[in-house]
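With the hints as extra help, turn the sequences into a complete structure.
Sequential numbering of the sequence shown, starting at 1, is according to full-length UniProt numbering.
Possibly wrong hints are sitting among the right ones.
Claimed, not checked - Think about it this way: if two alpha-carbon atoms lie no more than 27 Å apart in a straight line, the pair counts; the simulated DSS-like pairs of lysine-lysine are:
hint, residue 1, residue 2
1, LYS52, LYS246
2, LYS25, LYS258
3, LYS25, LYS246
No lab work stands behind these hints, which were simulated from the structure alone. All values reported here derive from a predicted model rather than from experimental measurement.
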Amino acid sequence: MLCPILIGEVEALNANLSMLEVLTKIDNYTLLDYSLTSSPEITENYIDLNLKGVFYPLNNITDPPFPPVPFELPARSDSMLYIGISEYFFNSASFAHFTAGAFNVSLSTKEISSHLFRNSQGIGNMLSRIADIYILSQPFMFRIMATEPPVVSLLPGNFTLDIPASIVILTESENSTAETIVSMDFVASTSVGLVILGQRLVCSLSLNRFHLSLPESKRSNIEVLRFENVLSSILHFGVLPLANAKLQQGFPLPNPYKISFVNSNIEVLEHFLLISTDLKYETSLKQPSRFYGWEGLNLINEQWRGKSVP
Numbered sequence: 001m002l003c004p005i006l007i008g009e010v011e012a013l014n015a016n017l018s019m020l021e022v023l024t025k026i027d028n029y030t031l032l033d034y035s036l037t038s039s040p041e042i043t044e045n046y047i048d049l050n051l052k053g054v055f056y057p058l059n060n061i062t063d064p065p066f067p068p069v070p071f072e073l074p075a076r077s078d079s080m081l082y083i084g085i086s087e088y089f090f091n092s093a094s095f096a097h098f099t100a101g102a103f104n105v106s107l108s109t110k111e112i113s114s115h116l117f118r119n120s121q122g123i124g125n126m127l128s129r130i131a132d133i134y135i136l137s138q139p140f141m142f143r144i145m146a147t148e149p150p151v152v153s154l155l156p157g158n159f160t161l162d163i164p165a166s167i168v169i170l171t172e173s174e175n176s177t178a179e180t181i182v183s184m185d186f187v188a189s190t191s192v193g194l195v196i197l198g199q200r201l202v203c204s205l206s207l208n209r210f211h212l213s214l215p216e217s218k219r220s221n222i223e224v225l226r227f228e229n230v231l232s233s234i235l236h237f238g239v240l241p242l243a244n245a246k247l248q249q250g251f252p253l254p255n256p257y258k259i260s261f262v263n264s265n266i267e268v269l270e271h272f273l274l275i276s277t278d279l280k281y282e283t284s285l286k287q288p289s290r291f292y293g294w295e296g297l298n299l300i301n302e303q304w305r306g307k308s309v310p
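In structure tokens form, the structure reads like this:
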């Protein structure tokens, strides 16, 4: 009885592999290409696959203007599967989303307040301070735009994303065109937390540092440090929650037929991530869920920050 079952499962696996899509739509902005870059290396002890792992804007299948940097996985045998994900993977995602215009967001004072309901008095005070600085009597809004593709840096125990951007404050009027009050450039440095949910790598952002710069002509009209505090709070409580909500969908990991990840671990090494995991074969006809709930998830990256790297 065992042989017919094995034959049936192998046939099903072959059919699944033949239909595997290597160019996958990730969201409304990008596609992911994880096609093979070379023939698989098969030995008695392991199978080694080299996958491309590059993002493209949805309507422009063109490689990013920077080359991938080769890396080697450490020689380990404690887990069944090891997946290496390079900086190039994440930076190509950043470049593709930037090119597609995904890093532009507009927030009204009402929308910002709705994301700060736990600190409604604090956000009210911050918005009042902005209104006082510019003697504003009407509602206003923030428009935040990345000026360059955000840059991912992977170092042992440290995953950071630096975002160069500009923020524009505009009057908000239903009867007339919005008027620009002031425009400023800033750089936000964020830490990235990581977790595997189902067959996906899910990231979250937390703000580390925020630096604001103003044109010379505007510096006499504003207290820069005071405004930095206000805007960093808006980023921390208003913008990053929106970004993290979108990041919940995660990045798809290689998903063999009827096989799920168990006992997974993530390490941040120099210029790449290392995912170590065991595999569980599902014998039932029902495919396991690819994406589990978000409830109770702790995305604080202290779980791997500071861990020694073998």
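Structure-based check of all given hints:
| no. | hint | in the structure |
| --- | --- | --- |
| 1 | LYS52 with LYS246 | holds (24 Å) |
| 2 | LYS25 with LYS258 | holds (21 Å) |
| 3 | LYS25 with LYS246 | holds (15 Å) |
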